[in-house]
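Trainee: Listed here are the chains, written in short residue letters.
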Amino acid sequence: EAQVTQNPRYLITVTGKKLTVTCSQNMNHEYMSWYRQDPGLGLRQIYYSMNVEVTDKGDVPEGYKVSRKEKRNFPLILESPSPNQTSLYFCASRSYNSPLHFGNGTRLTVT
Amino acid sequence: GENVEQHPSTLSVQEGDSAVIKCTYSDSASNYFPWYKQELGKRPQLIIDIRSNVGEKKDQRIAVTLNKTAKHFSLHITETQPEDSAVYFCAAILRGGSEKLVFGKGTKLTVNP
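Residue numbers (the working numbering), protein chains in the order written: chain X, 35 to 145; chain A, 25 to 137.
The following block holds chain X by itself, in its conformation from the complex:
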């Protein structure tokens, strides 16, 4: 089944404790992206990647890192999480000029 898989689905952590949210797609998509969703603000792009070893900042990149060492994986790294990064995160992927496929989301709480 074609899908975007992100883990974990839920994560509660404390300020400053490094964490990684994994994202993997099995559709051989070139483009992958991370979004955060907050009430009233819609979906805001954090980082995106056009292909392996090619990443770029989205609209809200501060406090986040990404890597794209393999085509299928695009992990999101929070080196020192803060409470304002409490949010619902979505990973997504697509091929050129085709619809975006979203993962099931990761609800992160930073206390």
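It is possible that part of the hints are untrue.
[As the list claims (entries may be wrong)] Calculated lysine-lysine pairs in the BS3-like style (CA-CA distance at most 27 Å, straight line):
#, chain 1, residue 1, chain 2, residue 2
1, A, Lys129, X, Lys91
2, A, Lys129, A, Lys61
3, A, Lys46, A, Lys132
4, A, Lys61, A, Lys132
5, X, Lys52, X, Lys91
6, X, Lys99, A, Lys129
7, A, Lys82, A, Lys46
8, X, Lys51, X, Lys103
9, X, Lys99, A, Lys92
10, X, Lys52, X, Lys99
11, A, Lys82, X, Lys91
12, A, Lys82, A, Lys92
13, A, Lys92, A, Lys129
14, A, Lys66, X, Lys91
15, A, Lys92, A, Lys66
16, X, Lys105, A, Lys66
17, A, Lys82, A, Lys132
18, A, Lys129, A, Lys46
[Said to hold, decoys possible] If the Cβ cut is set under 7 Å, some of the chain X residues that face chain A in the computed set are:
#, residue
19, Leu134
20, Asn138
21, Gly139
[Claimed, not checked] Between beta-carbon pairs, the in silico distance windows are:
#, chain 1, residue 1, chain 2, residue 2, range
22, A, Glu63, X, Thr120, 17 to 27 Å
23, X, Asp72, A, Arg75, 26 to 36 Å
24, X, Glu87, A, Gln69, 25 to 35 Å
25, X, Asp72, A, Gln105, 25 to 35 Å
26, A, Asn136, X, Glu87, 45 to 55 Å
27, X, Thr39, A, Ala53, 30 to 40 Å
Just so you know, these hints were derived from the structure itself, not from any lab.
In this text the structure is predicted, and so the values were computed from the model without any measurement.
Positions of the beta carbon are idealized from the N, C-alpha and C atoms, including for glycine.
Assemble the complex: chain X is given as a structure, and chain A must be docked to it using the hints.
Mentor: Chain A in isolation, oriented as in the chain X frame:
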């Protein structure tokens, strides 16, 4: 800047009525416009999309219209049902190499039985 404006932010209709959500975009080179539906606690899912070489596209009770000159596109849902209640997002793809998809802020649609 590059953005997509979406209106209204909330919409309440009676079952059986039509619902219309409108979006405007700023990048005249945009050529792909998807609409996503997000039910509570779930991921956004594509419901319909349109490309700039087409003015209208229909899929059962859902249709999308595009006016390239005015840079706006709209989602039309006819004969609404309670299961249409969700948040709907429009989006436009930016040109210029980044292939960035920019989303509107969403419309919360409530269909009252």
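Trainee: When the hints from earlier in the document are held up against this structure, which numbers fail?
Mentor: Failing hints, ascending: 9, 11, 15.
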